[in-house]
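Asker: Starting from the given sequences, assemble the full structure and let the hints guide the process.
Number of protein chains: 2
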Amino acid sequence: MPTYTAPVKDMQFVLHDVLAISEAGIPGYEELDRDTTGAILEEAAKLAENVLAPLNRVGDEQGCVLENGVVRTPEGFKDAFDQMRDGGWTALDCDPEYGGQGLPYLMSTAVGEMFSSANMAFNMYQGLTHGAYNAIHAHGSEEQKATYLPKMVSCEWGGTMNLTEPHCGTDLGLIKTRAEPQEDGSYRITGSKIWISAGEHDMVDNIIHLVLAKIPGGPEGVKGISLFIVPKFMVNEDGSPGARNSLSCGGLEKKMGIHGNATCVMNYDGATGFLVGEAHKGMRAMFTMMNEARLGVGLQGFAQGAVAYENALGFARERQQGRAVTGTQMPEAPADTIMVHPDVRRNLMDQKSITEGARAFVYWGAMLIDKAHRAEDPDAEGLISLLTPVIKGFLTDKGFETCVLAQQTLGGSGFTREWGLEQFVRDARITMIYEGTNGIQSLDLVGRKLAADGGKHVMAFFDMVKRFIAENKGQDEAFDAQFLEPLKAASKDLQAAGMFFMQKGMKNPNDALSGSYDFMHLFGHVCLGFMHSRMALAATAALETGGDKAFLNAKLATGRYYMARQLPATKTHLARIESGAEPVMALDAEAF
Amino acid sequence: MPTYTAPVKDMQFVLHDVLAISEAGIPGYEELDRDTTGAILEEAAKLAENVLAPLNRVGDEQGCVLENGVVRTPEGFKDAFDQMRDGGWTALDCDPEYGGQGLPYLMSTAVGEMFSSANMAFNMYQGLTHGAYNAIHAHGSEEQKATYLPKMVSCEWGGTMNLTEPHCGTDLGLIKTRAEPQEDGSYRITGSKIWISAGEHDMVDNIIHLVLAKIPGGPEGVKGISLFIVPKFMVNEDGSPGARNSLSCGGLEKKMGIHGNATCVMNYDGATGFLVGEAHKGMRAMFTMMNEARLGVGLQGFAQGAVAYENALGFARERQQGRAVTGTQMPEAPADTIMVHPDVRRNLMDQKSITEGARAFVYWGAMLIDKAHRAEDPDAEGLISLLTPVIKGFLTDKGFETCVLAQQTLGGSGFTREWGLEQFVRDARITMIYEGTNGIQSLDLVGRKLAADGGKHVMAFFDMVKRFIAENKGQDEAFDAQFLEPLKAASKDLQAAGMFFMQKGMKNPNDALSGSYDFMHLFGHVCLGFMHSRMALAATAALETGGDKAFLNAKLATGRYYMARQLPATKTHLARIESGAEPVMALDAEAF
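Protein chains in written order, with the UniProt record's numbering: chain W, 1 to 592; chain Z, 1 to 592.
If you're looking for bench data, these hints aren't it; they were derived computationally from the structure.
Note that the structure is a prediction, hence the values are computed from the model and not measured.
Be careful, since some hints might not be right.
Stated by the list, open to error - Think about it this way: if two alpha-carbon atoms lie no more than 27 Å apart in a straight line, the pair counts; the simulated DSS-like pairs of lysine-lysine are:
| hint | chain 1 | residue 1 | chain 2 | residue 2 |
| --- | --- | --- | --- | --- |
| 1 | W | K492 | Z | K571 |
| 2 | W | K492 | Z | K492 |
| 3 | Z | K176 | Z | K223 |
Answerer: In structure tokens:
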């Protein structure tokens, strides 16, 4: 059975040494000193380690069961959900007006890492509720907010997002679900939605579905989509759940992973729904939620990698097999531990350097979201909008890759269910797909975000990296050579790719779009190189003020590894990009 | 449900246009003209498509069940096994002296691709038997061969390989299974073996286990290992199965994939065994089998990729979502098919170019094995020994990657069990682990094969590529620029990596071993670049003599894609290699 020990020390390092959050000048951050965040994280760690992690295997083995329209979650889930709710964890960053604790999004991100590492399928129930909470909070009427939000903050009620239909996922303009206006101002919702996570389950008293539908007579395509609240139980005057609405779970999807989460077919048969915001503006309402939702999926991806790495490391430290090529290390044992073998190290260092870089990247992204919202900083908003597809696409690809690498560390044991690494691989796989496939993320990045506001945000990103290099070079030869120079080279590759898109993409957009996926990865590597450089600086500073030597030196070594061994991938991505559309588009569809 | 249509045309192209097998001068190849191989492949395709492929899902869903010591295979497996046996497919490349058909190994490789694509877990039952057949054929006594081989050729009896024990997989020197000599010349085998594929099942009348064990008093470590035949049922004088031997299946492993294959714990409780070959020379006997066994796993890896690609392509051709950015392609439909989107193309072309390159590489490897054995060519033997870890390690990594890419083509559907792509991913995953993990392959390549016979074989490889470039350049500008130049550059990267190992690895072997995995991939890319260049030449030649234009032009386009978009990976691998051991080995084991 895999174990989970929350990396609180690593988290604290990112929050305080790297991001220096309490001095960031973001409203709400001033209270987040080292002790406060430490206390929150330690408390969350207990729940993650002792309650959620032991249920991860249970959820995978038992899955969810649909009987007579009711979905039964795996044994122990309801009790754990109660504990999560009672501990106030579902309310962490919610609005105090509706019972939330009002902490920054960054803190719920750090806590979310733990919960996702411990039990991703389980944590999705509250994650989806939180997403629905966000949408209603941003776009609902005062009455809607008062009616639904307090119960969603506490997770007495759940929430869902209903977008996909059998014939359309990415291309939402094709949706067929209808919303017919009624005389009382409500709508009758009719249609079928698929892949609805947490669409029906037994851990809450009511489920508030957010449903995309078309009001007859509205504009064609995505411009005719509206967003509706469709509660499972209508809400009585006193706020209690009342009559059952005309909707039901029509089936559970059998899938590769996240078995503990109910993936539902949802049928709406003239169900009563309430318009959220303006008619035909449903997509806009969805889009405003997207940065957080996608960052959350990036978080899930690397969080699976993090727990997989932890277990691979534990195995490698115990497993004795072969001898070090440079001379026996443990003469008293029948063999050395596999930690002595360079290729095992290569594998573990790939896992470790990706995981630690990703953590810093996601936390920084969460901080930018707080800056955008709490400090109302439009530059932060622009930057995080640019980085969001990179966080989602790159970090879920790399998180999955980390799980596969970790599984490989265990050899044959990695393939068995007993050791649990294979579950991390299966669970992580969905993060590359949902909330917009990673291909769609790359399209969003290259087709939309790069040119947004006249390219202002990507220029600001380049300036930031350039400034960082200029400000820090010349003080330490080793740091210059090991960090700043590779960062500069990688950043140049990214700029060259952007330039290629500008020059070629104008004439033939396929020249840009054929390189979008590689551009997303190239961008991700530059970001992780930037993060590792910042971590190295922070570690050096902390070493000078008497910090934990072994811990901080490990940060430096991990950073050096990333810069030397991961960052050179930018060269290959650039070469792929610069080969343009011809090799990609050469074949007729029939000639494949 | 996924489908399978065997790519007979692609196979014939490799066999005849690229490898020109009937003119190769290898004994047995002279009969393999286009019609003959076509007839064999078409016949095999029927079995693969109509019998094996439909059972792939059944095997995954039902798995194997152990009850009272008996393993029940999934419904339909026994009947399919009978059909495979009755069709003579298990005897294809076996020795006619024991009832085999005596066809070259190359033909059983091409047929094996189909059977593996159609149902990998099923095909392992005969694959393991074939491996055991090989070992007895090469090292058994005349009496042993006469006793066991005819029934193994026909697969009336099965065979297994018993290496791994709970505390050792890679480091076989640690095995504890004992073989105590008896007065009658037999041995009493006692010990427990794990991960024994096809260790017990209901499709054969007897199972011939090949077991590695130590004879007490023998040398320490791997030098004290001997190989034994341990039949499930003792064989009567008349050749029929007799008394039950003291061995049993102690359990089935629950695992990520290949559920249709029984992965057994095998307990030997003083079972009667018979020494194969000389005492203490068991490892040598194993090693002689290794090239074929490992090539077979490389084949499995890419065969899973091939069928996954086929299904991804089928989906992409049907699925309508979004519009081409360069203008609507299907105005009559609500959306264009996703084939119009450059990033979908990028994904499919990666799958296609890897699969077709891998096929040519494996078939060429099989031809080298035939050349080594049938033409007794020591250079072919040396070359295939060098290439074997590349075929196994690189092609299983790439085969798995292809399955993951194919799954991604389907978006959310790829994650569901219904579409079956996720099974290909789960099944393919084992190929990176068994028959020596891919890390071990890279160690074999860099630590053993590179320097074998004074480095003669790697020099011969470089010469071959150089000669190919010299012989073909200057005749077609486009071919030079699109194929020969990238091949030359990639080959230079490989040489530079080899040079780095020579210079640094002498002083510190970790400098070489830290780069072994990247070297294996770098080597693999050069091989696939070489294969695509040869395919392009062959396609051009066939076009001149009036071949199928669309088919051959697609070969050229696929090759161009590989050279432009896959081959640049060599740069990144070289950079990783040249960063040496320092970043890899910097951390103490405790500091991770």
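Asker: Please go over all the hints and tell whether each is borne out by the structure.
Answerer: These are the hints, each one checked on the structure:
1. K492(W) <-> K571(Z): holds (17 Å)
2. K492(W) <-> K492(Z): holds (25 Å)
3. K176(Z) <-> K223(Z): Roughly 13 Å separates the two Cα atoms, so the pair holds.
When the structure is compared with the earlier hints, no violation turns up for any of them.
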